[in-house]
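Those protein sequence lines, which keep their order, are chains A and B.
Once you know that position 122 of the first sequence is 122 in the numbering used here, the rest is easy, because the numbers rise by one and skip nothing.
Once you know that position 135 of the second sequence is 135 in the numbering used here, the rest is easy, because the numbers rise by one and skip nothing.
If you're looking for bench data, these hints aren't it; they were derived computationally from the structure.
Keep in mind that the hints are not guaranteed to be accurate.
Said to hold, decoys possible - Lysine-lysine pairs mimicking DSBU-like chemistry, simulated, CA-CA at most 30 Å apart: (1) A/K189 with B/K66; (2) B/K202 with A/K214; (3) B/K202 with A/K203.
Stated by the list, open to error - Which bits of chain A does chain B cover? Going by a derived footprint, with three or more residues having C-beta under 8 Å, they are: (4) 132 to 138; (5) 198 to 204.
Ideal Cβ placement from N, Cα and C applies to all residues, glycine included.
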Amino acid sequence: MTTLPAQTEKKLGLVIDLDTCVGCHACVVSCKGWNTENYGAALSDQNAYGKDPSGTFLNRVHSYEVQPETGAAQTIHFPKSCLHCEDAPCVTVCPTGASYKRVEDGIVLVNESDCIGCGLCAWACPYGARELDQAEGVMKKCTLCVDRIYNENLPEEDRQPACVRTCPAGARHFGDLGDETSDVSQLVKERGGFDLMPEQGTKPVNKYLPPRPKDEQIDILAPLLEPVAAEPTGFLGWLDKTLEKL
Amino acid sequence: MHPAPSIIFFTVFSGLGFGMLAFLGLGKPDVSGFTAFIFFAIAYALAVGGLISSTFHLGNPQRALKAFSQWRTSWLSREGCLAVATLIVMGLYAIGVIFFNTRIGLLGLLGAILCVCTVLGTSMIYTQIKTVPRWHHWTTPLVFLSYALTGGAFLTGQVQVAAAGLVTIGVLQILAWVIGDKRFAGSGSTIESATGLGTIGKTRMFEAPHSAKNYLMKEMVHVVGRKHARNLRIIGLVLLSLLPWALLMFFPFSHLLALVAILAHIAGALTTRWLFFAEAEHTVGLYYGQRG
Ligand code: SF4
Ligand code: SF4
Numbered sequence: 001m002t003t004l005p006a007q008t009e010k011k012l013g014l015v016i017d018l019d020t021c022v023g024c025h026a027c028v029v030s031c032k033g034w035n036t037e038n039y040g041a042a043l044s045d046q047n048a049y050g051k052d053p054s055g056t057f058l059n060r061v062h063s064y065e066v067q068p069e070t071g072a073a074q075t076i077h078f079p080k081s082c083l084h085c086e087d088a089p090c091v092t093v094c095p096t097g098a099s100y101k102r103v104e105d106g107i108v109l110v111n112e113s114d115c116i117g118c119g120l121c122a123w124a125c126p127y128g129a130r131e132l133d134q135a136e137g138v139m140k141k142c143t144l145c146v147d148r149i150y151n152e153n154l155p156e157e158d159r160q161p162a163c164v165r166t167c168p169a170g171a172r173h174f175g176d177l178g179d180e181t182s183d184v185s186q187l188v189k190e191r192g193g194f195d196l197m198p199e200q201g202t203k204p205v206n207k208y209l210p211p212r213p214k215d216e217q218i219d220i221l222a223p224l225l226e227p228v229a230a231e232p233t234g235f236l237g238w239l240d241k242t243l244e245k246l
Numbered sequence: 001m002h003p004a005p006s007i008i009f010f011t012v013f014s015g016l017g018f019g020m021l022a023f024l025g026l027g028k029p030d031v032s033g034f035t036a037f038i039f040f041a042i043a044y045a046l047a048v049g050g051l052i053s054s055t056f057h058l059g060n061p062q063r064a065l066k067a068f069s070q071w072r073t074s075w076l077s078r079e080g081c082l083a084v085a086t087l088i089v090m091g092l093y094a095i096g097v098i099f100f101n102t103r104i105g106l107l108g109l110l111g112a113i114l115c116v117c118t119v120l121g122t123s124m125i126y127t128q129i130k131t132v133p134r135w136h137h138w139t140t141p142l143v144f145l146s147y148a149l150t151g152g153a154f155l156t157g158q159v160q161v162a163a164a165g166l167v168t169i170g171v172l173q174i175l176a177w178v179i180g181d182k183r184f185a186g187s188g189s190t191i192e193s194a195t196g197l198g199t200i201g202k203t204r205m206f207e208a209p210h211s212a213k214n215y216l217m218k219e220m221v222h223v224v225g226r227k228h229a230r231n232l233r234i235i236g237l238v239l240l241s242l243l244p245w246a247l248l249m250f251f252p253f254s255h256l257l258a259l260v261a262i263l264a265h266i267a268g269a270l271t272t273r274w275l276f277f278a279e280a281e282h283t284v285g286l287y288y289g290q291r292g
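Excised from the complex, chain A in its bound form (with noise of 0.2 Å):
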């Protein structure tokens, strides 16, 4: 059904903290290992070993400068994948009900077997985070590992998404953002979290954590390295001057 649920009991979602992303792409990897052999068809790739290598994936990481108006620029490595949004126009487009909202827990998915390509939630996703399979010709997208997070056959810290479970930078958090007193909607509360286009009104569950101020003074030995004298005196000076008459 894509009538989109009034409410949903969790909101399950991730935190992703841009101070603290190093942009190595270990989740992009992990994410497309697991999900290329569990849920649904396989993230396909095309041309693989050729000239323009392209494929489906679930997560990307983009780079991005941003220049403050007095200081140096700074690098932000910037993790996007479906951000589970409440108001989720993906779903009301869909033509033929496979992609839905649960009611439990909140997570968007796509139900394959139903999918028949049209690519209209791709369209209405203002954030990218839906790619259509080039071989299987189905919608993929972030299920928040759903076959991970519930598997009672996995060891109990290995119950949620890879990308969390592998970054190596604890870049990212997962957790219930419907429950106020949850480590991540405590980390949103304390760290100033934020909405990615709050103006499109799909009222994403994920959170952005913004990069923390640099500090001012970079380098520590800058002072002790200044030059000792401006104009070079003695045998120096000497030299200098010999040197420029010739």
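Please arrange chain B with the ligands on chain A, whose structure you already have, making use of the hints.
Frame of chain A, contents of chain B with the ligands only:
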């Protein structure tokens, strides 16, 4: 957006077909028997051909029937339901006109209304997409409807209506371009709002997440050169509106001339519909540093 030929053909030809059926439903021209058969055959070929063309861009067209199920929320689903309802109603009406020489006026009127609704349904598939501010505007349904009705009037030989329609189409199309060019900037979405980094400062893409173009970029980050687009707009407008209008107004009517005018009009419609897609800017382009 990627100007996929299947979608361009779908919107243009199914629009023409339903436009034609709308006039036939109103008894214009009031034909019967074999002449009526020819008219209905052309209209159905256009409408159904367009609809079939739309399935060519599906990843799994064998499941297309499922697309009739979500009419409660989805315009694509609604459009499908409306199209089928229209074709059935008009089919019954056509049987009366062709085989029994009886025109059931009320049925024809219902069919004509359904034709208009179907075209509006098609236009809403695009109008509803908020992520493409150029489409998300009242000009989109008006443009689609004016194309369908003008083309329909043309193909059913309603010269007066067609001439008026050609002028309307020209004006609406220019209006849609003028307004549309400002829509993305007016939407408030920028690379800063997309990344949330605007609180620190001016943001630009430093490195793309992948080395070659992916589905997102091919499908939604289509960029047309400004000069190229301007030239196509001029060519499109002349063929779509100006030339056929002049041919209808300033030359004595002949079938050959009407044929030339219709072909020019359709070529123009295909050109401007190509632009409708190619010039449409999707917000995902912001993440790739491709907007503004
Ligand atoms: S991020 Fe995109 S795909 Fe995910 S729920 Fe929101 S609109 Fe849908
Ligand atoms: S591509 Fe599949 S999931 Fe997306 S709108 Fe079409 S049918 Fe629904």
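These are the hints, each one checked on the structure:
1. For the hint linking A/K189 to B/K66, the alpha-carbon distance of about 43 Å lies beyond 30 Å, and the restraint is violated.
2. With a C-alpha separation of about 16 Å, the suggested pair B/K202 and A/K214 falls inside the 30 Å cut-off, and the hint holds.
3. With a CA separation close to 24 Å, the supplied pair B/K202 and A/K203 stays within the 30 Å bound.
4. Counting residues of the stretch 132 to 138 of chain A whose beta carbon lies closer than 8 Å to any beta carbon of chain B gives 6, which reaches the threshold of three, so the coverage claim holds.
5. Here the stretch 198 to 204 of chain A counts 4 residues with a CB under 8 Å from a CB of chain B, which clears the bar of 3, and the coverage holds.
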